[in-house]
Amino acid sequence: MKHQEFEPPEELRDTIKCFWYNIREAEEPQSSFEVQPDGFAEIIFHFGSAISILQDGSLKPLPSPFMMGLLNQPVVFHSNGRLEIIGVRCFPWTVFDLLGLPSGKVGVHTFEHPVARLQTVLNEWITIDRAGKALAEVGKYFLNMHSGIAINSMLFKAGAAMRKANGTIPVSQVAAAAHATVRTLERKFKQSSGYSVKDVSGLMRFEQIRNRLWHYPDTSLAGLAHELGYTDQSHLSREFKRYSGTTPAAFARKAKKGKQAVSNDFVAFVQA
1 MKHQEFEPPE ELRDTIKCFW YNIREAEEPQ SSFEVQPDGF AEIIFHFGSA ISILQDGSLK
61 PLPSPFMMGL LNQPVVFHSN GRLEIIGVRC FPWTVFDLLG LPSGKVGVHT FEHPVARLQT
121 VLNEWITIDR AGKALAEVGK YFLNMHSGIA INSMLFKAGA AMRKANGTIP VSQVAAAAHA
181 TVRTLERKFK QSSGYSVKDV SGLMRFEQIR NRLWHYPDTS LAGLAHELGY TDQSHLSREF
241 KRYSGTTPAA FARKAKKGKQ AVSNDFVAFV QA
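According to the numbering used here, the sequence shown is numbered sequentially starting from 1.
Hints may contain errors.
Claimed, not checked - Straight-line alpha carbon distances no greater than 30 Å define the calculated DSS-like cross-link-like pairs of lysine-lysine that follow:
{"id": "1", "residue 1": "Lys133", "residue 2": "Lys188"}
{"id": "2", "residue 1": "Lys164", "residue 2": "Lys198"}
{"id": "3", "residue 1": "Lys157", "residue 2": "Lys140"}
{"id": "4", "residue 1": "Lys164", "residue 2": "Lys254"}
{"id": "5", "residue 1": "Lys2", "residue 2": "Lys188"}
{"id": "6", "residue 1": "Lys60", "residue 2": "Lys254"}
{"id": "7", "residue 1": "Lys256", "residue 2": "Lys2"}
{"id": "8", "residue 1": "Lys190", "residue 2": "Lys157"}
{"id": "9", "residue 1": "Lys164", "residue 2": "Lys60"}
{"id": "10", "residue 1": "Lys254", "residue 2": "Lys2"}
{"id": "11", "residue 1": "Lys188", "residue 2": "Lys164"}
{"id": "12", "residue 1": "Lys140", "residue 2": "Lys164"}
{"id": "13", "residue 1": "Lys254", "residue 2": "Lys198"}
{"id": "14", "residue 1": "Lys2", "residue 2": "Lys241"}
{"id": "15", "residue 1": "Lys133", "residue 2": "Lys2"}
{"id": "16", "residue 1": "Lys190", "residue 2": "Lys164"}
{"id": "17", "residue 1": "Lys241", "residue 2": "Lys164"}
{"id": "18", "residue 1": "Lys241", "residue 2": "Lys254"}
{"id": "19", "residue 1": "Lys198", "residue 2": "Lys188"}
{"id": "20", "residue 1": "Lys198", "residue 2": "Lys140"}
{"id": "21", "residue 1": "Lys257", "residue 2": "Lys241"}
{"id": "22", "residue 1": "Lys241", "residue 2": "Lys60"}
{"id": "23", "residue 1": "Lys190", "residue 2": "Lys241"}
{"id": "24", "residue 1": "Lys241", "residue 2": "Lys256"}
{"id": "25", "residue 1": "Lys190", "residue 2": "Lys2"}
{"id": "26", "residue 1": "Lys257", "residue 2": "Lys2"}
{"id": "27", "residue 1": "Lys157", "residue 2": "Lys188"}
{"id": "28", "residue 1": "Lys2", "residue 2": "Lys60"}
{"id": "29", "residue 1": "Lys140", "residue 2": "Lys190"}
{"id": "30", "residue 1": "Lys140", "residue 2": "Lys188"}
Hints were generated in silico from the structure; no laboratory data involved.
All chains should be built: construct the whole structure from the sequences, respecting the hints.
What follows is the structure, encoded as structure tokens:
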């Protein structure tokens, strides 16, 4: 597996965290990979193998692109053969405005949107092994889209405060950083992302634990609990299992194995 992340142009950094490119070479005809929740929404373009998710007992193919909103539990994707992915990692309080879509809580969903026209152009570049050119096309497209929307400065300030604190500050302090009342902030945040400030903060904290355990599996859970503002280690473990479906200790053991050989059934799109 190859995974690379790229900073967006400065003009897009209030809405997009990064662009990323991923290649998976499946060793078996049918492979699966798990995506863990984090504090971002993703717009996913894929090439080569089809991507499917299990729905009502059968595999449902996903078109390209599709959007993956905030997840509150892992999602398992299935593919066949070589798979290449270009992703746009967006802040959840900006992605719906960026795309001109109504906000909602659906984790993985398809939508009709002009962004789908990019697929043909990107596929041409991917086919001739020019992923850099494809990423440039994505950046150009979103620069044009961004110029047509007005970013809510209150939400930008709130999001920046939440990211800086890794989701550990109370809503009242987020509101103070955004120069807004708690009531106004919560209303605007829910309108823009479909989630409350507390919901997104919880995912941000989980993301920090997940990333730390993936890169440093021997990290002290008690120390992490203290650092990230959990009541104790048990509180951290409950919240981690809520989002991941597994315990922090089990996740750390899997991460250790992943350092030796990344398994076909697990991928965490974590930030370096």
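For each hint, the structure was consulted:
For a cut-off of 30 Å, the pair hint linking Lys133 to Lys188 is broken: about 37 Å separates their Cα positions. Among the hinted pairs, Lys164 with Lys198 is consistent with the structure: their alpha-carbon atoms are about 15 Å apart, no more than 30 Å. Proposed proximity of Lys157 and Lys140 is supported: the alpha carbons are some 25 Å apart, at most 30 Å. Of the pairs offered as hints, the one joining Lys164 and Lys254 holds, with about 28 Å between alpha carbons and a cut-off of 30 Å not exceeded.
Distance restraint check for Lys2 and Lys188: the Cα-Cα separation of roughly 38 Å exceeds the 30 Å cut-off, and the hinted pair is therefore not satisfied. Restraint check for Lys60 and Lys254: satisfied, since their Cα atoms lie roughly 28 Å apart, inside the 30 Å limit. Pair hint Lys256 plus Lys2 holds up; C-alpha atoms about 18 Å apart against a cutoff of 30 Å. Between Lys190 and Lys157 the CA atoms are separated by roughly 15 Å; this keeps the pair inside 30 Å, and the hint holds.
Distance hint between Lys164 and Lys60 is unfulfilled; the C-alpha atoms sit about 38 Å from each other, more than 30 Å. Proposed proximity of Lys254 and Lys2 is supported: the alpha carbons are some 19 Å apart, at most 30 Å. For the proposed pair Lys188 and Lys164, the alpha carbon gap of about 20 Å is at most 30 Å, so the pair holds. At most 30 Å may separate the alpha-carbon atoms for a hinted pair to count; Lys140 and Lys164 meet this at roughly 28 Å.
A threshold of 30 Å between alpha carbons decides the hint, and for Lys254 with Lys198 the separation of about 29 Å falls inside it, so the pair holds. At most 30 Å may separate the alpha-carbon atoms for a hinted pair to count; Lys2 and Lys241 meet this at roughly 28 Å. For a cut-off of 30 Å, the pair hint linking Lys133 to Lys2 stands: about 17 Å separates their Cα positions. The suggested pairing of Lys190 with Lys164 holds, with an alpha-carbon distance near 20 Å, which does not exceed 30 Å.
Restraint check for Lys241 and Lys164: satisfied, since their Cα atoms lie roughly 24 Å apart, inside the 30 Å limit. This hinted pair checks out: Lys241 and Lys254 have alpha carbons roughly 14 Å apart, not beyond 30 Å. Taken as a hint, the Lys198 and Lys188 pair is honoured in the structure, with Cα atoms around 13 Å apart against an allowance of 30 Å. With a C-alpha separation of about 33 Å, the suggested pairing of Lys198 with Lys140 is violated against the 30 Å cut-off.
For the proposed pair Lys257 and Lys241, the alpha carbon gap of about 20 Å is at most 30 Å, so the pair holds. Of the pairs offered as hints, the one joining Lys241 and Lys60 holds, with about 27 Å between alpha carbons and a cut-off of 30 Å not exceeded. At most 30 Å may separate the alpha-carbon atoms for a hinted pair to count; Lys190 and Lys241 meet this at roughly 25 Å. Between Lys241 and Lys256 the CA atoms are separated by roughly 18 Å; this keeps the pair inside 30 Å, and the hint holds.
For a cut-off of 30 Å, the pair hint linking Lys190 to Lys2 is broken: about 35 Å separates their Cα positions. For the given pair, Lys257 sits about 17 Å from Lys2 by alpha-carbon distance, which is consistent with the 30 Å threshold. In summary, the hint linking Lys157 to Lys188 is supported, as the alpha carbons are separated by about 13 Å, within the 30 Å threshold. Of the pairs offered as hints, the one joining Lys2 and Lys60 holds, with about 25 Å between alpha carbons and a cut-off of 30 Å not exceeded.
Our distance criterion of 30 Å between C-alpha atoms is met by Lys140 and Lys190, whose separation comes to about 29 Å. Restraint check: the Cα-Cα separation between Lys140 and Lys188 comes to about 29 Å, which is no more than 30 Å; the hinted pair holds.
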